[in-house]
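Visitor: These are the residues of each chain, in order.
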Amino acid sequence: MSEHASPLGGSHSARDRRRRALGTLFAFLCGVATLVGVASLAVLLWDLAVDGFPSLDGRFLTSFASRMPERAGVKAALAGSVWLLGLTALIAFPVSVAAAIYLEEYARRSWATRLIQLNIANLAGVPSIVYGILGLAVFVRTFGLGRSIISGALTLALLILPVIIMASQEAIRAVPSSIREAAYGLGATRWQVVSTQVLPMAMPGILTGTILALSRAIGETAPLIMVGAVGFIAFTPKGLGDPFTVLPLQIYNWISRPQAEFHALAAAGILVLLILLLTMNAAAIILRNRYQTHR
Amino acid sequence: MATIYDIDAGGRAPALEAREVSVFYGAKEAVRRVSLVVPANKVVALIGPSGCGKSTLLRCFNRMNDLVAGARVEGEVEFRGKNLYDADVDPVEVRRRIGMVFQKPNPFPKSIYENTAFGPRINGFEGNLDELVEESLRKAALWDEVQDRLNESAYALSGGQQQRLCIARTLAVKPEIVLMDEPASALDPLATQRIEELIYELKKDYTIIIVTHNMQQAARISDYTAFLYMGDLIEYGPTESIFTNPREDRTEAYVTGRFG
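Chain order of the listed sequences is A and B.
Residues 1 to 295 in my numbering are what the first sequence lists, from first letter to last.
Residues 1 to 260 in my numbering are what the second sequence lists, from first letter to last.
One or more hints might be untrue.
With the C-beta cut set under 10 Å, the calculated list includes, among others, these residues of chain A facing chain B [claimed, not checked]:
#, residue
1, Ser66
2, Arg108
3, Trp111
4, Ala112
Footprint (simulated), chain A over chain B, 3 or more residues, beta carbon under 8 Å [said to hold, decoys possible]:
#, segment
5, 61–70
6, 83–96
7, 105–113
8, 168–178
9, 241–247
If you are wondering where the hints come from, they were derived from the structure by calculation, not from laboratory data.
Glycine included, every Cβ here is placed at the ideal spot set by N, Cα and C.
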């Protein structure tokens, strides 16, 4: 045995203790950093719940906006948000996934695809108001779609397109190339490889990316103001050409009123928005798990 | 210059014939003007040190190199009187008739049944799929072990079983030639032995070209052996001659374990 050998747990030199203390300190600081996020969320939720819960009842959900706080509700805004989100998903999802498949499975690696790639990454960082201006110029004016729910959905779809494309590309890239080779080796065409192997394996990642992007879209206000979402509306959308409002806009509208009653309504509106968001995220997780276990 | 022995194909047309095949990755020439004849219903082993181009050459035989960006193939590979690289040849069709088993078992994340049935399904098979799956699994000597759990995930199988499943999957498409790229290199000795026995059985119905790192394996299972070195075919002939009486110094040095 060497002379340095000592039984386990026997070394307690000063240097050793200092080393261990540093480790503990670091762990503590990281814990605090985590708490900053969690705690502020908890405080925010608590504050909102105290302000908003008294107003959050069936009447609030089934009433339209009103000048009188006791009769005002979020029906139009909630319906608008749900409509808008559904349409946005319908437009953005197929386009993004197709673009991601093209870039990953079909396009040759060249300077042109690299340029496209770079542009997509840049687009994901463009402020949303810019998309609003684009939507106003292209959909509202040029295409003559007017200040309608379809203009809003198209604008939001453009906004989240790069995010979903990038998430989908990542998911497609994560499919092992050995799986592609196996399928090609059995005489599969490119389309068969993509549709039977690559897409099913990438789908959980693609869905997660889509839901995260939609969560961003649901909170957007600025681009929707640009394409003409209105602050006060007394009916729910019946078709693609109808005017609309959304929850964030309704909340903003209530917050900017002087009466305290409206501020309570705003808090209740935020709760509705949060519940909608959490429901969507839960749906995404369930969908994802189902996809994963059913393979 | 390469030493190529006269190959006695028993009066039958060869299953495959490579003529002056070169493969380039960008400017790098990975395989240099290789010519060899593969007789039908025989096992041909491609041996050589890492990076000698044996896997690259194997992938020329069912146009898998088409999928590698920047890879370019020159020369001809004749199969059934037709050059695989002719403009009117569909690589998808080529891969249906010349199947491939890869180095690492790569089953799909699906059930054992679905793995075996995948090839026939995508190729529009219109017969009794259950029968075909059973027949393929039997040929791959896997049926007895999995017949009661065809609907379980392929990932629940051991590595050796997964590789036999991959072989069954390839056989289900009814190929004429089976290419194997070091099919046993990721397996333990027992699983390797089973694969080798399987290859011996399979050559009754198929022509097999196998890349292997393992010289003993090549000596055990193959009828003909091609030794490649740095992209060149050095010697090609009956396995016995290559291992017991090689004509090229480099072949002898390699098969006796002096380098590689």
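Visitor: Could you run down the list of hints and mark each one as holding or not?
Guide: Status of the hints after comparison with the structure:
no.: 1; hint: Ser66; result: violated, 55 Å
no.: 2; hint: Arg108; result: holds, 7 Å
no.: 3; hint: Trp111; result: violated, 14 Å
no.: 4; hint: Ala112; result: violated, 15 Å
no.: 5; hint: 61–70; result: holds (count 4)
no.: 6; hint: 83–96; result: holds (count 4)
no.: 7; hint: 105–113; result: holds (count 5)
no.: 8; hint: 168–178; result: holds (count 3)
no.: 9; hint: 241–247; result: violated (count 0)
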